[in-house]
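K.L.:
Please model the entire structure based on the sequences and the hints provided.
Residue numbers (my numbering), protein chains in the order written: chain A, 1 to 272; chain B, 273 to 544.
Simulated from the structure, these hints should not be mistaken for laboratory data. Please note: incorrect hints may appear among the correct ones.
As the list claims (entries may be wrong) - With the C-beta cut set under 8 angstroms, the calculated list includes, among others, these residues of chain A facing chain B:
1) A49
2) L50
3) M53
4) R54
5) Q57
6) R58
7) L65
8) G72
9) T78
10) I153
11) I156
These numbers come from a predicted model, not from an experiment. For glycine and all other residues, C-beta sits at the position ideal for the given N, C-alpha and C.
There are 2 protein chains.
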Amino acid sequence: METSYEQLCVADQRAVRAKIRSGSYCDHTSGLANGFLQANLVILDQSHALDFMRFCQRNPKPCPLVGVTDTGSPFIPTLGADIDIRSDIPSYHIYRHGVLDETVSDITALWDDQMVGFALGCSFTFEHALIRAGIKVWHIDNDRTVPMFKTNIKTIEAGPFSGPMVVSMRAIPQDKLDMVFAISAKFPMAHGTPIHWGDPAGIGIDDVNAPDWGDPAPVEDGEIAVFWACGVTPQAAILHAKPAISITHKPGQMLITDVAEDAGTPIATGAR
Amino acid sequence: METSYEQLCVADQRAVRAKIRSGSYCDHTSGLANGFLQANLVILDQSHALDFMRFCQRNPKPCPLVGVTDTGSPFIPTLGADIDIRSDIPSYHIYRHGVLDETVSDITALWDDQMVGFALGCSFTFEHALIRAGIKVWHIDNDRTVPMFKTNIKTIEAGPFSGPMVVSMRAIPQDKLDMVFAISAKFPMAHGTPIHWGDPAGIGIDDVNAPDWGDPAPVEDGEIAVFWACGVTPQAAILHAKPAISITHKPGQMLITDVAEDAGTPIATGAR
Numbered sequence: 001m002e003t004s005y006e007q008l009c010v011a012d013q014r015a016v017r018a019k020i021r022s023g024s025y026c027d028h029t030s031g032l033a034n035g036f037l038q039a040n041l042v043i044l045d046q047s048h049a050l051d052f053m054r055f056c057q058r059n060p061k062p063c064p065l066v067g068v069t070d071t072g073s074p075f076i077p078t079l080g081a082d083i084d085i086r087s088d089i090p091s092y093h094i095y096r097h098g099v100l101d102e103t104v105s106d107i108t109a110l111w112d113d114q115m116v117g118f119a120l121g122c123s124f125t126f127e128h129a130l131i132r133a134g135i136k137v138w139h140i141d142n143d144r145t146v147p148m149f150k151t152n153i154k155t156i157e158a159g160p161f162s163g164p165m166v167v168s169m170r171a172i173p174q175d176k177l178d179m180v181f182a183i184s185a186k187f188p189m190a191h192g193t194p195i196h197w198g199d200p201a202g203i204g205i206d207d208v209n210a211p212d213w214g215d216p217a218p219v220e221d222g223e224i225a226v227f228w229a230c231g232v233t234p235q236a237a238i239l240h241a242k243p244a245i246s247i248t249h250k251p252g253q254m255l256i257t258d259v260a261e262d263a264g265t266p267i268a269t270g271a272r
Numbered sequence: 273m274e275t276s277y278e279q280l281c282v283a284d285q286r287a288v289r290a291k292i293r294s295g296s297y298c299d300h301t302s303g304l305a306n307g308f309l310q311a312n313l314v315i316l317d318q319s320h321a322l323d324f325m326r327f328c329q330r331n332p333k334p335c336p337l338v339g340v341t342d343t344g345s346p347f348i349p350t351l352g353a354d355i356d357i358r359s360d361i362p363s364y365h366i367y368r369h370g371v372l373d374e375t376v377s378d379i380t381a382l383w384d385d386q387m388v389g390f391a392l393g394c395s396f397t398f399e400h401a402l403i404r405a406g407i408k409v410w411h412i413d414n415d416r417t418v419p420m421f422k423t424n425i426k427t428i429e430a431g432p433f434s435g436p437m438v439v440s441m442r443a444i445p446q447d448k449l450d451m452v453f454a455i456s457a458k459f460p461m462a463h464g465t466p467i468h469w470g471d472p473a474g475i476g477i478d479d480v481n482a483p484d485w486g487d488p489a490p491v492e493d494g495e496i497a498v499f500w501a502c503g504v505t506p507q508a509a510i511l512h513a514k515p516a517i518s519i520t521h522k523p524g525q526m527l528i529t530d531v532a533e534d535a536g537t538p539i540a541t542g543a544r
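P.N.:
Laid out in C-alpha cells, this is it:
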C-alpha cells in the first residue's frame, strides 16, 4: 500500500524510515522527520573508499561526513541503531563507470562485502530551522524537490574524485538574508552558511530556472537567490572518477537518521 | 644554533615552522603562533588509513580531522602551502608494532611512498582565546606541557583502532566555567567543549597529579579541573592496533598550520 507525503509529515523519524524500508514511499524526504539529521548517501567499493574520504575531508562544505560503514556492513550504528542503507532510502541511483544506469528502491541484491557506505549531511535539516524562524521554503510548501545546480567552483581533488561543486538554491527575502546566514551557520554538518547569493552567473549558473537536479523554484521580487553547497556534489565527482559501480540516493530522497539535526559533531546514538 | 621558546613566542607561524624544520627547536609548541590552528599528527601505512579515517569520523571530539595527505605525499596543501610533515614537527614518536621505539626530530629517512599523514585539531588553538578572555593557562604561564590522561571513556572502534579516550586538563576558576564552555564551543575543530569537569575519578583518573603524558599542573582552591578530549587519543589507539610502523608528534609538540584557529571547516589555504 502506498504511503502519501502528507501521511508521513506527521510521523516520527523511525516510522518514516520503516515506511521507506517497506518500499511503500519512493519520493522526496524534504520536510519529513522534523528535528532529525537527514543524510546524502554514497556507496563505493572499498578500493575507492580512502580517496573518497579524503575528498570529503577536503571539501567539508559540500561533503560533511556524518557517518561511514565498516567495509561490507550496511549498518551505520552511529546514526541510528536500526539503519540499513540497502533499504532505508526511497530511491537509489546506480552508476556504472560514472554513468547513471538505473533507479531502484532497494539495493539489497547489489550489496557486496567490499562495499562502504558514506552518509553526508544535508541542507534539509536546516530548512526546518528556517521554517521555525518564519521563513517560507518554496519547495517544501509546494511539495517539490529543491533545485540543484552544477557551478564553476572546483572541488579540491582526492585521487580520482574531482569536479564541480553542486549547490542547492532557496529564494530568500532580502531583509531576511542576515537571519538566514545566522541560522544556517549553526548547522556545520548540514553545509553551514551559503557559499553564494545574488547573481547565479557569479558561480557559473546560466539559468536559475533550469536546475541540473530537482525542480525549478521561483525567485520573486524582493527575494534573492541563495546557494548552499550540496551533498549531490559527490555524484558529480563520481562522473569523473568512473568507478565500476557506485550507488547514491536519488537527489532529494535522503537517509533519515536518529541524530538531532543540530548535532555539531554527530556521535554514537546507537550500538558501540 | 638552538632557538629558545621566548624567541619563538614573538615570531609568526611561518618563522616558527621554519625554525622547527631546521631542527633548532625541539620543544613544546603551546602558546606559539597565536591565531593559527595547531595540529596533532599521525602517520600510518596506507593499509591502515581507511580504518583510521573511520576512527576519526566516529570520534570527532578527540580526533577532529583537519587534513590528510595523498598516499606517499608528505605535504598538506590544504593546511599550508609549504608544510612538510617529515620535518615540521619539533619531535616525533616512532611506534613499532604499537610500542614507542624512539623519538626523533626528523622522519625524512623513514618516509615511504605508502605512508599517509593525518592532521587532527588541537586544544592549544583555543587556549589563545581563553587567554584573550583573561583566563590564566597554568602550563603556558609556566612553560610546561599540558597534562594528559587516559580515561575510562571508550572510543568507538574502527577496524583495529580502539581504546580509551585521552583528555587534557586545565584548572579553571569555578566562576569562569560558563565562559570557558562558551569559548571552547567556538572551536569544534579543536575538540570543542569539555567532556568532563570536577572529580577526575568520574572519568577514571586516579591521580590528577600524575598525568600519562605532559607535566603535572596544580588545581588550586576555587578552581575546577576541566577535561577536554585530546588528540593524543590516536596514540592510545595505536597501542591497540599495533601497526608495523606508525609515527606521531611527541605530545605537546604540534604541527603549526597556516589555517586560522577559528576556522569551522578548514579548507584550502594553499595549492589546489
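K.L.:
Now look at each hint and say whether the structure bears it out.
P.N.:
Taking the hints in turn, this is what the structure says about them:
1. A49: For A49 (chain A), the interface hint holds, since the closest Cβ of chain B sits about 5 angstroms away, which is under 8 angstroms.
2. L50: holds, 5 angstroms
3. M53: holds, 5 angstroms
4. R54: holds, 5 angstroms
5. Q57: At about 5 angstroms, which falls below the 8 angstroms cut-off, the nearest Cβ of chain B leaves the hint on Q57 (chain A) intact, so it holds.
6. R58: holds, 6 angstroms
7. L65: Interface hint status for L65 (chain A): holds (6 angstroms vs cutoff 8 angstroms).
8. G72: violated, 12 angstroms
9. T78: holds, 6 angstroms
10. I153: It is violated, given that the least Cβ distance between I153 (chain A) and chain B is near 11 angstroms, above 8 angstroms.
11. I156: Holds. Min distance 5 angstroms.
Hint violations for this structure: numbers 8, 10, all remaining hints satisfied.
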